[in-house]
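Undergrad: Which chain is which? The protein sequence lines are E and B, in order. For the record, in the first sequence the residue sitting at position 463 is 463 according to UniProt numbering, with numbers rising by one throughout. For the record, in the second sequence the residue sitting at position 365 is 365 according to UniProt numbering, with numbers rising by one throughout.
Some hints could be false.
The list treats identical chains as interchangeable, and a pair is accepted whether it falls inside one copy or across any two copies.
Pairs of lysine-lysine, DSBU-like flavour, derived with a Cα cap of 30 Å [to be verified]:
{"hint": "1", "residue 1": "K397", "residue 2": "K207"}
{"hint": "2", "residue 1": "K411", "residue 2": "K207"}
{"hint": "3", "residue 1": "K359", "residue 2": "K411"}
{"hint": "4", "residue 1": "K411", "residue 2": "K397"}
{"hint": "5", "residue 1": "K224", "residue 2": "K359"}
{"hint": "6", "residue 1": "K411", "residue 2": "K358"}
{"hint": "7", "residue 1": "K301", "residue 2": "K370"}
{"hint": "8", "residue 1": "K358", "residue 2": "K176"}
{"hint": "9", "residue 1": "K370", "residue 2": "K224"}
{"hint": "10", "residue 1": "K359", "residue 2": "K176"}
{"hint": "11", "residue 1": "K358", "residue 2": "K207"}
{"hint": "12", "residue 1": "K411", "residue 2": "K176"}
{"hint": "13", "residue 1": "K411", "residue 2": "K224"}
{"hint": "14", "residue 1": "K193", "residue 2": "K397"}
{"hint": "15", "residue 1": "K370", "residue 2": "K207"}
{"hint": "16", "residue 1": "K193", "residue 2": "K358"}
{"hint": "17", "residue 1": "K397", "residue 2": "K370"}
{"hint": "18", "residue 1": "K359", "residue 2": "K301"}
{"hint": "19", "residue 1": "K193", "residue 2": "K411"}
{"hint": "20", "residue 1": "K207", "residue 2": "K359"}
{"hint": "21", "residue 1": "K301", "residue 2": "K193"}
{"hint": "22", "residue 1": "K370", "residue 2": "K358"}
{"hint": "23", "residue 1": "K358", "residue 2": "K224"}
None of these hints come from the bench; they were simulated from the model. Computed from a prediction, not measured in an experiment: that's the story for all the values here.
Take a look at the letters that make up each chain.
Number of protein chains: 2
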Amino acid sequence: MSDTTLPMIGAKAASTIRIVPVILSGGTGSRLWPLSRASYPKQLWSLVGSRTMLQETARRGVGAMFDAPIVICNNDHRFLIAEQLREAGIENARIVLEPAGRNSAPAIAAAALLAAESDPDAVLWIMAADAVITRPETLEQLLPAAAAAAQRGHIVVFGMQPTRPETGYGYIEAGKPLSRLPEASMVAGFIEKPDAATAAELVASGKYMWNSGMFVFTARTLLKEMETHAPVVLAPVRQAVERRTSDLIFQRLDPASFLSTPDISFDYAVMEHTDQAAVIAGDFGWTDIGSWDALWDIGEKDADGNVTQGHVCLESVHGSYVHSDEILTAVVGVDDVVVVATRDAVLVTQRSRAQDVKKIVARLQAQGRKEAEAHNRCYRPWGFYESLIQDTRFQVKRIVVMPGEKLSLQKHYHRAEHWVVVSGVALVTRNAEQITVHENESIYLPQECTHRMENPGRIPLVLIEIQTGSYLGEDDIVRFEDTYNRT
Amino acid sequence: MSDTTLPMIGAKAASTIRIVPVILSGGTGSRLWPLSRASYPKQLWSLVGSRTMLQETARRGVGAMFDAPIVICNNDHRFLIAEQLREAGIENARIVLEPAGRNSAPAIAAAALLAAESDPDAVLWIMAADAVITRPETLEQLLPAAAAAAQRGHIVVFGMQPTRPETGYGYIEAGKPLSRLPEASMVAGFIEKPDAATAAELVASGKYMWNSGMFVFTARTLLKEMETHAPVVLAPVRQAVERRTSDLIFQRLDPASFLSTPDISFDYAVMEHTDQAAVIAGDFGWTDIGSWDALWDIGEKDADGNVTQGHVCLESVHGSYVHSDEILTAVVGVDDVVVVATRDAVLVTQRSRAQDVKKIVARLQAQGRKEAEAHNRCYRPWGFYESLIQDTRFQVKRIVVMPGEKLSLQKHYHRAEHWVVVSGVALVTRNAEQITVHENESIYLPQECTHRMENPGRIPLVLIEIQTGSYLGEDDIVRFEDTYNRT
Chain E
1 MSDTTLPMIG
11 AKAASTIRIV
21 PVILSGGTGS
31 RLWPLSRASY
41 PKQLWSLVGS
51 RTMLQETARR
61 GVGAMFDAPI
71 VICNNDHRFL
81 IAEQLREAGI
91 ENARIVLEPA
101 GRNSAPAIAA
111 AALLAAESDP
121 DAVLWIMAAD
131 AVITRPETLE
141 QLLPAAAAAA
151 QRGHIVVFGM
161 QPTRPETGYG
171 YIEAGKPLSR
181 LPEASMVAGF
191 IEKPDAATAA
201 ELVASGKYMW
211 NSGMFVFTAR
221 TLLKEMETHA
231 PVVLAPVRQA
241 VERRTSDLIF
251 QRLDPASFLS
261 TPDISFDYAV
271 MEHTDQAAVI
281 AGDFGWTDIG
291 SWDALWDIGE
301 KDADGNVTQG
311 HVCLESVHGS
321 YVHSDEILTA
331 VVGVDDVVVV
341 ATRDAVLVTQ
351 RSRAQDVKKI
361 VARLQAQGRK
371 EAEAHNRCYR
381 PWGFYESLIQ
391 DTRFQVKRIV
401 VMPGEKLSLQ
411 KHYHRAEHWV
421 VVSGVALVTR
431 NAEQITVHEN
441 ESIYLPQECT
451 HRMENPGRIP
461 LVLIEIQTGS
471 YLGEDDIVRF
481 EDTYNRT
Chain B
1 MSDTTLPMIG
11 AKAASTIRIV
21 PVILSGGTGS
31 RLWPLSRASY
41 PKQLWSLVGS
51 RTMLQETARR
61 GVGAMFDAPI
71 VICNNDHRFL
81 IAEQLREAGI
91 ENARIVLEPA
101 GRNSAPAIAA
111 AALLAAESDP
121 DAVLWIMAAD
131 AVITRPETLE
141 QLLPAAAAAA
151 QRGHIVVFGM
161 QPTRPETGYG
171 YIEAGKPLSR
181 LPEASMVAGF
191 IEKPDAATAA
201 ELVASGKYMW
211 NSGMFVFTAR
221 TLLKEMETHA
231 PVVLAPVRQA
241 VERRTSDLIF
251 QRLDPASFLS
261 TPDISFDYAV
271 MEHTDQAAVI
281 AGDFGWTDIG
291 SWDALWDIGE
301 KDADGNVTQG
311 HVCLESVHGS
321 YVHSDEILTA
331 VVGVDDVVVV
341 ATRDAVLVTQ
351 RSRAQDVKKI
361 VARLQAQGRK
371 EAEAHNRCYR
381 PWGFYESLIQ
391 DTRFQVKRIV
401 VMPGEKLSLQ
411 KHYHRAEHWV
421 VVSGVALVTR
431 NAEQITVHEN
441 ESIYLPQECT
451 HRMENPGRIP
461 LVLIEIQTGS
471 YLGEDDIVRF
481 EDTYNRT
């Protein structure tokens, strides 16, 4: 690799460069089970600080330097992502939906194709939604140089100054600095996740950086390099973008085209082949939140080196990460463990074995256990529900409907429902009637009645639903009309 | 100690001796938290086999050799114990209620005083409700000799052949065999819980047995020895027995008298002082279920030496005990741990630190955490209830009422209640009305209405109660009438 390419200074001077943030939010984070599950993955949780990792990532791309962001995510997460972006004050995102994850190369290709539609020279900044950056200001200072290198035709990767011989990351060797842009160097080589001895050598040499998975390039460069090195990825993604459909505020990639794309990372598909790879190094406090031990690494430790969150009680415990949503979790006389308790699943592991959590998740999936993929709380565009108890002939749910939202008009063949409003107000459609149900009032919905629930008020509507019947599956539902296009 | 006492052959020959089983069920078993809690302690759980430890213990005293048993327990557990005994087919027990636990010496004194009322020479067999005996037939074969020794005026303790150098038990040294009763020996000495080195020596010597805490004596002998060695225990207990009251099927010891008794074990109060102590040794498979490691010890192990119960998934785990009521519990890459998950509390500890669980419980008690003492499910004489969700202004409960049972007639100042019957049938009193509520029907009980729920049917009544109001504490209740004397 060399810097022989002539500088391709774009139409805009570096000082006025505008960048399109691209947020990849397609992962399911199974190593962070039981908190992270396919139905509500890690980037949507606030594991560090008060914002979720998705929100933190998206906020990094807010400011005068940035155009509207592109967020690429799974179709199933669209309402969650839209709500989290809205909550974080980001109203202009283009939310692009994948029918299923195909790793980073197809997602990045889709972002470049979409950006190129309005400006083939657009500068894109690719960020994964599941990393923590503790010094974002340092990163921001590196961005103009990255954009300048991008405009010369480079694909820039941010290299993070290593702080320990981590075996879970890829490493980058920096080569010759770019002429007239000494902040950036050509990439001399990539090293995949090394073993412990190699990692120690790499860090000791001082010549290697962690591959942060954050890239900066122009749409034009990226598409040209993909055409050369990964045409089997680019062609179907191009078709998926061309055939995309709009759904409310979302852009849905054509499922058949997108699913024919190989599952491949951007590093494998492009970075290890292109001779345009450049690196800009810095100490911006990047950590990939790949497994529970990463959260222990970056967490604030007590005198015994423990990181705790939630209802936790420790006795003679050292070097451990203990997290509990609501169940009281007591740990006695163990060292270097991870304990995570959620309402329906508990994980206990040695911290050094945190990578193996995915094995358990795979086994649970093979056994068809719902806890492998879904949480007890199910998010919907109108709010959420959770099962409080389920028996053979009855089920009790808490349902929360956000102000102004409404469920679909529906009926059930096998179950009747009692609704008791415990907070807020409900406007209920029951066959031809419309009934307002206030706090501390109830309504009965017999089997096969057509019904709908809606929150006409200004505060969340909370109601308790008691279902009775011989079959209580979620698939006993006939939807007649739905605000969120789910019929 | 010597065997100089002349044989005191009683009125009955050994072959026709009848024995009064006495079951001590006063403990709270805090080392088996979070399953065992003061409100529902370990002896009431089926931790080994399908019967509870109380039921297993009580069944040992059923047969031609035995009179009606005496069960001594905490006042708070009376309905649970009565129900478990009924379930185990034991209808003739005398259930004696302590206002609070005062250790074994007062409880044993109370049993002897009660038995002496009908027969001062009654032979009593004292058993703790929280031990497991895997070879009860061996124990039964030793009973006639124990009864014969008891009739000669001895206080006999069963000594268990040690199988390992256990530091958690007391040891007994056997002395000279009794004349004409070689199965029994005088006790040469007691050794309290030894350190590991001493325990190893004791076991290697072959001369020491574990103190099983099971005793056989006549009421007359016991009361005489207590008069001599523990008059400060006997006097208040005698008063508590004399002033006892009957309550339904229970005998309630006079609380003020009983509470003035010192908290002291029978070993300290009597056995270490009397010169009538004798021991009968055997290998009857006795284990005190004092802490979680005992359950691992006696449990059936998989190929990796793990004992599991419930919804458990293990990956690279060895020598561990993992128990889960209902929450899926996954353990990865740890050895020799105990993991116990209940609906509202999780425990993780090194197996060797299982004794320290009581420290955590003490801390939780000091913090006023309800999980330290009470379970989410609360048992009542009419059935049970459990909170499914609690918020500031509402609470949802599942209530189960057994056939023929009824709750008290009551009212609440601060909350209204919606009841939805999901199984069975309810007869509801609401002020002057009596209303039958069938499955899939509901009824509303406004604040301050006088109400009562009763199950007139043949199957358990299950209903979902939704409470709304500004104060939802259990103490917002005015009871007008109660079948179970709780007004």
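Undergrad: Now look at each hint and say whether the structure bears it out.
TA: Structure-based check of each hint:
1. K397 with K207: Neither: 57 Å inside a chain and 63 Å across chains, both beyond 30 Å.
2. K411 with K207: neither (65 Å within a copy, 76 Å between copies)
3. K359 with K411: Neither way: K359 and K411 sit 40 Å apart in one copy and 54 Å across, limit 30 Å.
4. K411 with K397: The answer is both: 17 Å in one copy and 27 Å across copies each meet 30 Å.
5. K224 with K359: neither (38 Å within a copy, 66 Å between copies)
6. K411 with K358: Neither. Shortest intra-copy (39 Å) and inter-copy (52 Å) distances fail the 30 Å Cα cut-off.
7. K301 with K370: Result: close only across copies, 27 Å inter versus 33 Å intra.
8. K358 with K176: neither (39 Å within a copy, 63 Å between copies)
9. K370 with K224: Cα proximity of K370 and K224: none, with 43 Å in one copy and 64 Å across.
10. K359 with K176: neither (41 Å within a copy, 61 Å between copies)
11. K358 with K207: Classified as neither; 32 Å inside a copy, 53 Å across copies.
12. K411 with K176: Answer is neither; intra-copy 67 Å and inter-copy 83 Å both fail.
13. K411 with K224: Intra 52 Å, inter 77 Å, cutoff 30 Å: neither.
14. K193 with K397: neither (45 Å within a copy, 52 Å between copies)
15. K370 with K207: For K370 and K207, the Cα distance exceeds 30 Å both inside one copy (46 Å) and across copies (56 Å).
16. K193 with K358: Within one copy, since 17 Å is at most 30 Å while 44 Å is not.
17. K397 with K370: Both: 17 Å inside a chain and 25 Å across chains, each within 30 Å.
18. K359 with K301: Close inside one copy (28 Å) and across copies (23 Å); limit 30 Å.
19. K193 with K411: neither (53 Å within a copy, 67 Å between copies)
20. K207 with K359: Neither, since 34 Å and 51 Å both go past 30 Å.
21. K301 with K193: This pair counts as within: shortest intra-copy Cα distance 27 Å, inter-copy 38 Å.
22. K370 with K358: Answer is within; shortest intra-copy Cα gap is 15 Å, inter-copy 35 Å.
23. K358 with K224: neither (36 Å within a copy, 67 Å between copies)
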